[in-house]
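*Asks:* Let the sequences and hints guide you as you build the complete structure.
Residue numbers (our numbering), protein chains in the order written: chain A, 1 to 294; chain B, 1001 to 1315.
The set of hints was computed from the structure by calculation and includes no laboratory data.
Note that CB positions come from ideal geometry on N, CA and C, so glycine has one too.
Each hint should be verified, as a subset may be incorrect.
[As the list claims (entries may be wrong)] A short list of chain A residues far from chain B (calculated; beta carbon distances all over 12 Å):
| hint | residue |
| --- | --- |
| 1 | 22 |
| 2 | 29 |
| 3 | 58 |
| 4 | 59 |
| 5 | 115 |
| 6 | 122 |
| 7 | 178 |
| 8 | 188 |
| 9 | 190 |
| 10 | 192 |
| 11 | 252 |
| 12 | 256 |
| 13 | 278 |
[Unchecked claim] Taking CB as the label site, the calculated pair distances span:
| hint | chain 1 | residue 1 | chain 2 | residue 2 | range |
| --- | --- | --- | --- | --- | --- |
| 14 | A | 183 | B | 1011 | 17 to 23 Å |
| 15 | B | 1115 | A | 165 | 30 to 36 Å |
| 16 | A | 120 | B | 1073 | 44 to 50 Å |
| 17 | A | 86 | B | 1226 | 54 to 60 Å |
| 18 | A | 178 | B | 1057 | 55 to 61 Å |
| 19 | A | 37 | B | 1011 | 50 to 56 Å |
| 20 | A | 9 | B | 1069 | 38 to 44 Å |
| 21 | A | 224 | B | 1062 | 32 to 38 Å |
| 22 | B | 1011 | A | 40 | 53 to 59 Å |
| 23 | B | 1167 | A | 86 | 35 to 41 Å |
| 24 | A | 165 | B | 1213 | 29 to 35 Å |
| 25 | A | 22 | B | 1167 | 45 to 51 Å |
| 26 | A | 244 | B | 1063 | 47 to 53 Å |
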Amino acid sequence: MSASQRPALVAARRVLARKGAFMAASFLALMAIVAFLAPWILPGDPLTQNLRHALEPPSAAFWFGADELGRDILTRVVYGARTSLVTAMGAVTIAGLIGVPIGLVAGFYGGWRDAVLMRLVDVILALPGILFAMALIAVIGRSQLAALVAVGITGIPSFARITRAQVLSLRRRDFVIAVDALGGSASHLMFKTILPNSWSPILVQVVILAAVAILLEAALAFLGVGIPPPTPSWGEMLRTGKSYLYEAPYYAVLPGLVLTLTILSLDTLGRTLATVLEHRQGSTGEPEPEGQRL
Amino acid sequence: MTGYILRRLAQLLPVTLLASLAIWAMIYAVPGGPVGAMVGENATPEQIQAVTERLGLDRPVLVQYGAWLGKALQGDLGLSLQNRQPVMELILERVPATVQLGIAAILIGLLIGVPIAILSALHPGSRLDRALSAWSALALGIPTFWLGILLILLFAVELRWLPSASTYVSIFESPGRAIMSLLMPAFTLGVYVSGIFARFLRASLIGELHADYVRTARAKGLPERDVVGRHVLRNALLPFITIVGLMLASFIGGALVTEAVFTYPGLGRLLIQAISTRDYPLIQGAILFILVIYVVINLLVDVAYAWVDPRIEYG
Chain A
1 MSASQRPALV
11 AARRVLARKG
21 AFMAASFLAL
31 MAIVAFLAPW
41 ILPGDPLTQN
51 LRHALEPPSA
61 AFWFGADELG
71 RDILTRVVYG
81 ARTSLVTAMG
91 AVTIAGLIGV
101 PIGLVAGFYG
111 GWRDAVLMRL
121 VDVILALPGI
131 LFAMALIAVI
141 GRSQLAALVA
151 VGITGIPSFA
161 RITRAQVLSL
171 RRRDFVIAVD
181 ALGGSASHLM
191 FKTILPNSWS
201 PILVQVVILA
211 AVAILLEAAL
221 AFLGVGIPPP
231 TPSWGEMLRT
241 GKSYLYEAPY
251 YAVLPGLVLT
261 LTILSLDTLG
271 RTLATVLEHR
281 QGSTGEPEPE
291 GQRL
Chain B
1001 MTGYILRRLA
1011 QLLPVTLLAS
1021 LAIWAMIYAV
1031 PGGPVGAMVG
1041 ENATPEQIQA
1051 VTERLGLDRP
1061 VLVQYGAWLG
1071 KALQGDLGLS
1081 LQNRQPVMEL
1091 ILERVPATVQ
1101 LGIAAILIGL
1111 LIGVPIAILS
1121 ALHPGSRLDR
1131 ALSAWSALAL
1141 GIPTFWLGIL
1151 LILLFAVELR
1161 WLPSASTYVS
1171 IFESPGRAIM
1181 SLLMPAFTLG
1191 VYVSGIFARF
1201 LRASLIGELH
1211 ADYVRTARAK
1221 GLPERDVVGR
1231 HVLRNALLPF
1241 ITIVGLMLAS
1251 FIGGALVTEA
1261 VFTYPGLGRL
1271 LIQAISTRDY
1281 PLIQGAILFI
1291 LVIYVVINLL
1301 VDVAYAWVDP
1311 RIEYG
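*Replies:* What follows is the structure, given as structure tokens:
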């Protein structure tokens, strides 16, 4: 049984049948569409400054007010969604492309390869994710790429661990033993036999890590070490908004609200996905997936 | 028991050493290398010569790491570039503030989270349970820094009850002022803790409530309060200790961000300032310090788990 379209569709339908998950998916879809279409549906661009309107309260022209440089806050929040989505996709891709093969090899061969690889992964876990990312950025400098890579590396351990656990449980199953007995090569066993049957916990991890990545990117920007301005980022907006709490109390409200709703939606989706897929495949007895929070 | 602790140490030690090696080596990845990090990229040849000799950069790499680690183990983390003070002193100055914030946040988290967990575990599936579950989802999902900003907007900007920036006042010197300045940051960080307790303690309680001993206790006529308080809660806390280990990373990260929101003078703020001023010895020192604390707490959690639960084998 490989990851054909059908079981994926069934799972998607079951997830969306739940009210919470449906609302979460709708919100995320809406946000992604608006972020994608931003240049065509928004009148202004997120970088145009107009100091005459600096810190202007919400009005017909500026629905959620203007920031300290007279830029439209709503526009910047929408473009900030692009930053968040790009970071999430990039970081999860980096984490998956490195973490999944590590878990495959460690779990498949065991022995010294397992020990060495998993100890290396543990080094990443030796620090809370945000500290690891900050240390990395302190070295390589502050840029959009640095933030993306730093967030991505902190995601490697969870992919490696989840994949390894999955390999260990599949390794002794009859269909794997059969392919092995028929003379399947190690790479065929790992990538063609075991990996296609491991997609569900990995998928759950993708959703959970997307939330972690968006949160981490925002936190780094909030601390002033993330994506450098003027690129719109929710965390950066919260950072600046915090300096104008008395002059413009509405400033930090919208970016924070959208950030929180995004995290909550991804959480809900991830948890529902885990429940639905586990019911289908039988619970592994592992604790619920949970990403690092800030 | 001793054997178990030693084996856990044997697992943690290589990882910790590797991480310390990475922290030490980070200065070599900085533009200009360690010399550039110390004197800037536009240094004169004399300055470069002086720094190279002072830091012993002409020695073999492993010798340098060994020397650095040896000093670090004796509490010597070098001098801060900013004000030439010993890094260890700067760090130790900030520790009480962060510890006070952490303890206050855990207390607030317990005060909110444990009652929620018990209430919802006693009526699983009820409307109350669902409402309380929503709290834990929100508590775990809301970014600490936004929650902090909202609290400042409400209590400092709007109501003017509390200061928007928190200072560190020792609880032993002036309890009243300490509590006032801790209220918002500790609540901000405590909400996350309450979410952890509400979600995981609930799950663990529900598991225990179905156990045979609970039926026995009820059958012999024990009041429900004693059944839950004396029997269930104790047993439910066992699996829960692992969760405490899992939440540790988020808690430390959350503390870091919370300190930034309230400009609270703790360890996290020290590190952020060090990064923005490129004070590399201070960055390395602070990260190494947090690494050691993190590893030690993780070890303590393991040991506590084995000690509390006699079923765990540590032979």
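*Asks:* Give a verdict on every hint.
*Replies:* How the hints compare with the structure:
At roughly 16 Å, the least C-beta separation between residue 22/A and chain B is larger than 12 Å, which holds for a residue marked as non-interface. At roughly 19 Å from the closest C-beta of chain B, the C-beta of residue 29/A stays outside 12 Å, upholding its exclusion from the interface. The beta carbon of residue 58/A sits about 15 Å from the closest Cβ of chain B, which is more than 12 Å, so the claim that it is off the interface holds. Interface exclusion of residue 59/A from chain B stands, the closest Cβ pair being 20 Å apart, more than 12 Å.
Residue 115/A, annotated as away from the interface, has a beta carbon of chain B within 12 Å; the closest lies near 10 Å. In this structure residue 122/A is not separated from chain B by more than 12 Å, as the shortest Cβ-Cβ distance comes to only about 5 Å. With 12 Å as the threshold on Cβ separation, the claim that residue 178/A sits away from chain B holds: the shortest Cβ distance comes to roughly 36 Å. Non-interface status of residue 188/A relative to chain B is upheld: no Cβ of that chain comes within 12 Å, the nearest being about 33 Å off.
Every beta carbon of chain B lies more than 12 Å from that of residue 190/A, the smallest distance being close to 26 Å; the non-interface claim holds. With a least beta-carbon separation of about 33 Å from chain B, residue 192/A lies farther than 12 Å from that chain, consistent with its non-interface assignment. Non-interface call for residue 252/A relative to chain B: violated, since the shortest CB-CB distance, roughly 5 Å, does not exceed 12 Å. Its closest Cβ contact with chain B, about 3 Å, brings residue 256/A to no more than 12 Å, contrary to its assignment away from the interface.
For residue 278/A, the condition that its CB be more than 12 Å from all CB atoms of chain B holds, with the nearest at approximately 14 Å. Residue 183/A and residue 1011/B have their C-beta atoms about 37 Å apart, which leaves the hinted 17 to 23 Å range violated. Between residue 1115/B and residue 165/A the beta carbons are some 35 Å apart, a value that agrees with the proposed interval 30 to 36 Å. Taken as a hint, the range 44 to 50 Å is violated for the pair residue 120/A and residue 1073/B, whose Cβ atoms sit roughly 23 Å apart.
Checking the proposed 54 to 60 Å range against residue 86/A and residue 1226/B shows it holds: the Cβ atoms sit about 56 Å from each other. A beta carbon spacing of about 59 Å between residue 178/A and residue 1057/B agrees with the range 55 to 61 Å that was offered as a hint. Separation of residue 37/A from residue 1011/B is about 51 Å and conforms to the stated range, judged on CB atoms against 50 to 56 Å. Between residue 9/A and residue 1069/B, the C-beta spacing of about 55 Å breaks the proposed range 38 to 44 Å.
In this structure the supplied range 32 to 38 Å holds for residue 224/A paired with residue 1062/B, their Cβ-Cβ distance being about 35 Å. The hinted range of 53 to 59 Å is satisfied by residue 1011/B and residue 40/A, whose Cβ atoms lie roughly 55 Å apart. Under the hint 35 to 41 Å, the C-beta atoms of residue 1167/B and residue 86/A, about 39 Å apart, fit the expected range. Between residue 165/A and residue 1213/B, the C-beta spacing of about 32 Å keeps the proposed range 29 to 35 Å intact.
At about 47 Å, the beta-carbon gap between residue 22/A and residue 1167/B stays in the expected band of 45 to 51 Å. A hinted range of 47 to 53 Å for the beta carbons of residue 244/A and residue 1063/B is consistent with their spacing of about 52 Å.
In this structure, the earlier hints numbered 5, 6, 11, 12, 14, 16 and 20 are contradicted, and the remaining ones agree with it.
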